[in-house]
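Q: Chain residues, written in single-letter form:
Number of protein chains: 4
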Amino acid sequence: MSGSIFGKHFTISTWGESHGRALGVVIDGCPAGIPLSIQDIQRELDKRKPGAHSIYTSRQEDDSVDILSGVFEGRTTGTPISLIIYNTDERSHDYDDIKHIYRPGHADFSYDQKYGFRDFRGGGRSSGRETVARVAAGAIAKKILSEFGVQITAYTYSIGKICIDMGNFDKDIIYKNAVRMPDNKAAIQAEELIESMRTDGDSIGGVVECTIHNLPAGVGEPVFNKLEAVLSKAIMSIGAARSIEFGTGYTLSTMRGSEANDNYMVTREGMVKKCTNHSGGIGGGISDGSPITFRIAFKPTPSISLPQKTITKDMKNTCIQVKGRHDPCIVPRVVPVVEAMTAITLVDLLFQHVLSNIDLIKKALL
Amino acid sequence: MSGSIFGKHFTISTWGESHGRALGVVIDGCPAGIPLSIQDIQRELDKRKPGAHSIYTSRQEDDSVDILSGVFEGRTTGTPISLIIYNTDERSHDYDDIKHIYRPGHADFSYDQKYGFRDFRGGGRSSGRETVARVAAGAIAKKILSEFGVQITAYTYSIGKICIDMGNFDKDIIYKNAVRMPDNKAAIQAEELIESMRTDGDSIGGVVECTIHNLPAGVGEPVFNKLEAVLSKAIMSIGAARSIEFGTGYTLSTMRGSEANDNYMVTREGMVKKCTNHSGGIGGGISDGSPITFRIAFKPTPSISLPQKTITKDMKNTCIQVKGRHDPCIVPRVVPVVEAMTAITLVDLLFQHVLSNIDLIKKALL
Amino acid sequence: MSGSIFGKHFTISTWGESHGRALGVVIDGCPAGIPLSIQDIQRELDKRKPGAHSIYTSRQEDDSVDILSGVFEGRTTGTPISLIIYNTDERSHDYDDIKHIYRPGHADFSYDQKYGFRDFRGGGRSSGRETVARVAAGAIAKKILSEFGVQITAYTYSIGKICIDMGNFDKDIIYKNAVRMPDNKAAIQAEELIESMRTDGDSIGGVVECTIHNLPAGVGEPVFNKLEAVLSKAIMSIGAARSIEFGTGYTLSTMRGSEANDNYMVTREGMVKKCTNHSGGIGGGISDGSPITFRIAFKPTPSISLPQKTITKDMKNTCIQVKGRHDPCIVPRVVPVVEAMTAITLVDLLFQHVLSNIDLIKKALL
Amino acid sequence: MSGSIFGKHFTISTWGESHGRALGVVIDGCPAGIPLSIQDIQRELDKRKPGAHSIYTSRQEDDSVDILSGVFEGRTTGTPISLIIYNTDERSHDYDDIKHIYRPGHADFSYDQKYGFRDFRGGGRSSGRETVARVAAGAIAKKILSEFGVQITAYTYSIGKICIDMGNFDKDIIYKNAVRMPDNKAAIQAEELIESMRTDGDSIGGVVECTIHNLPAGVGEPVFNKLEAVLSKAIMSIGAARSIEFGTGYTLSTMRGSEANDNYMVTREGMVKKCTNHSGGIGGGISDGSPITFRIAFKPTPSISLPQKTITKDMKNTCIQVKGRHDPCIVPRVVPVVEAMTAITLVDLLFQHVLSNIDLIKKALL
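Chains as they are written, first to last, in numbering that gives the first Met the number 0: chain A, 0 to 365; chain B, 0 to 365; chain C, 0 to 365; chain D, 0 to 365.
Quick caveat, the hints were computed from the structure, so don't treat them as lab data. This list has only true hints and no planted wrong ones.
No distinction is drawn between identical chains; accordingly, a pair holds when it is met within one copy or between any pair of copies.
Computed cross-link-like contacts, DSS-like style, restricted to lysine-lysine with a CA-CA straight-line distance of at most 30 angstroms:
1. Lys-46 / Lys-7
2. Lys-361 / Lys-170
3. Lys-48 / Lys-184
4. Lys-7 / Lys-362
5. Lys-272 / Lys-362
6. Lys-315 / Lys-362
The structure presented is a predicted model; accordingly, all values stated were derived computationally and were not measured.
Based on the sequences and whatever the hints tell you, model everything.
A: Quick look at the structure:
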């Protein structure tokens, strides 16, 4: 195993290159008995597809998914589910120029250092196109979580310095604007910013925020598999992610304990309530029943058409203007990927939680 | 496996509670032939011990380590290495008060939700004391890395709002001040800040920065086991860590591609050089040979003696003033833990890298 | 992960059902730089295909394999290799009768007990057809082993009570007779026996023997991952396998130490030689450089057309005559599967061995 | 991880050498809430201790176990359980002679080939003494299984050619004779046989049989983690095991399908019954609710005092008479080890089974 397998119980094994024949994922560990249709998966993949808007790449992939195994008469059988998405709009010849040149900000150089050579067509395995398989697997994870009422909502928090105003927050509009913001006013500004980047031949970064509601208390494991640790691995494995913070995050480093601690109280209805949620819903690495929140910063798309200094494989200085079709800002397209990786992680840890307590195991088996 | 095992090749299995008999770690996957003495491990443990300074907890543990297996005539044998550190200064009765009360900011509530009950003595397994086992294992990982010239340096970057000045950076003084800062001027201010927190019965957070030098290019695996992803899991599993960022980190979200991309050049000596290092030494999840940098924000110590609102196990509102012996700022003590987790992660991924390329395998075996 | 993933370093994730759309495997952990063509894989799959001979099933699958990822310009890239084999000759309606009936000797009953329902078409995932994915992955493992000179040879040792005579052993004829025996005389008798079973509507079991030559000493890990332990898991996971023995095997239980111990000597040429090889080439779970041998007993094909007593899903006694197309003896078809599982296991443990010794790791990296 | 860690959910990490300071095991993944005392573990360890009888080794270890973590107020906490057993009767100097000589039938040669050197004192990690940690962990696994009514019974089936008569089977006498046979008549003969071996300076092999009662149907996973495959790995990892067979085992290879298939029937009480149990309680790799049976053949103890030809580390022919204290037949002492490994495996697969079906997971969590 060298990096394309994720998860202990709900285990996904992804494969495929940007300009290869197809991409896909095999899921081993999906329990039997879950209703599952192609539409359940296609719906999520469609969220990841570039829209018709000019701020997106002009590469137009259908991203039609096919279920090759593991589902019988509309339900999962408990055996591996194989999903495939064929590439239809690849144009490998766009990349002949970069066969021997290292694009700044890309994986070209480090892949060659590791493997000695690389599939240079569109970045091969290092392309953001691999995330299509994550979203496909995430769709199934979401189906499982829906059985337990768990809800995941990710959205664009900022593009460059344009940030949403929480006062305008409207979950329903996230997928109704091109930038996946829950704030229409900020969305318009962000679209303009990205559009100007495209015109300049440049690109821009941004931040995605994600919240989890209704996750039961008790999910996450002590010491190394703390909920925030496993989520960090899942999310920071998305290309271009450069930081992650939970709850009040980085700011907690400047706070006093008396400010940062979330006090508990019992409500009149007899429910436990936290007076604040600086911890982002996690205590000792384990969910405490309150909403979980985290933010991820993404760097700007490295593919830009402005000229850049770089080197060739045979160690000559040169200059490059990256061709090919690219999103000038990847943040909007990453939003469903963040949801997918979150869902996959939660299913894995939720299943692990079942085994943490003999009472739960006995409830299941006896 | 439910969370106390870490690593695929260099696998550490840690155990022990804050006020139990002992703590320890079993390392499976340490190669044969590495010179190893008790002193190699004790030296690292001593870095983690609270100093004599008043900013530290008054709990004084020897933290003397013993090697129970896996080393013969001064060298590792390739079989499991068992390390043990006995508790000597535990005072469990300090915790009788909290048997039925949930301390804000602690794992008490979520542990009870998960397991139904908990070892309440000093937080049991959720105590920062568990990191003694990480540091012990990390000492062996450092020995391995030293064979390849890899150097890891962590230090306190800020306490509250007091931040080091990179112009004053002096690696040699990190362990010569109580706050583990590489800047004496900032260190004095930080000590005063922590001291004032202690007097107030309060606590304060801070940030640790870590740099890795001389890691060869090629370390890290595509897709899910990117170097930053695996490091994030390792580091975010340290209790109280609330955010992590690599290279220029969060700021990259506001930058343009033309600013953020690190251009390559060939030096006169024929070496590859990156003109900048915004990426923090990682491309496509794989080390590129330049220094790796990351920063971790830690929340303030949750144990404070100021009164806090909270609840009892039987769901009554109450008030608590936490007793026991605690560090008013955990950041200085976390510095060697960050180094340890980094070392363990790097050994694991370095070993994985050997298997990524048939040429390397053939060099080893033929 | 629930059972369709195998291997730690060279990790195969298989999927597919007997009468589904396709079957396949994703291999994660195949090193970069290995020459690989479709023909390399097809050659092994063809060994597993039923021949034209009447002793085989009449189901005729092409078993044409396609490489969907991980290979670029004729070499492996170090990223996941996805292989697919489409089903072309499935006839699911053959199985409508058994939808509600449990076939004796099959997995029908236990699958229903585990999952609540099952894909009944040809046994679904429990069909021997899943081994096509093992053989495809095994072909790549064999390519890797060939770089190190390791040779695996499996053959039919016995069918019913007809056993090969080692005096007639000829490796070159194994695939020149329908029963995969290295002894032509025994092969003729065995073909007749199977033919008579087919006529009777009955079936017969047999034994496969496997030898490994040129495996370097040192492969296998102490305690739980002994070479014979890992091989046993790999081989006993093949449907219908009921026993495995290494070297002199079961007979060793009746021997004295003075008979069973393999004495060492140094030859005139200065080579280590074992005077006997009762241990089958393994000492303390680690290869000793001499040939490794093991034998696996397979039960008779459970699908027979003779009437059998059984029950329905709704718990009624009934009688069944199994239709569908089946091999009256699966042993000949299992021979390449044994080779494949052996190859996959050896690659995994060979890679593990590289990491067991700091000298080997330094040879690779420095 | 290089071989001393076993199990996915109930994960044991064992450590220690024959003549080191201590041996032990860390168990990660034991659910919270299980009553556990030192006596529960000591009872099983005592079964493994050599008796006072002359057929046993004269090395007398107390094998007193200590629980260092993971248990609080008499119940498991869900965090790692660390168990330690100190060596008290080691006599390392017994082994100075073999420092440079390879004992036939032992791991000395292959360990040196693998690691370059070895802990030669009593075989170090390759000694049968490592099984003390397996039995300690197995005791906890048995406690868990007892919650579900699962019963494991292993016993000596044969010593040399002396085999128990099933007509005399009496489970209650297994630990009342020195050879762990459920047949007193055979036991007397077997004791005599072993005694004569001891007098001769020789040793003898034998067979252990194990049965599992009351395991619910549905345990075991398709394809690679079939119940017999995982059990085979567990059991064949016990030093000296040379073969394993399930149910009717090797004999099935000579049977017809019409003989070998186990027919189902519904009893008058409405229960499913198998008319025979040739399959040994497993169908398609999954338990079917009937008793599971398997037999393991062990080779004779390699340590014998008769002179044997062998070689030195510097490649000279020589002769050896093995000193030290040894059992002339290890079979009786292996009986509780077989039970332990079986218990550990069953717990792991039972836990896995909970996650195979969404209905079971919902029963646990909702």
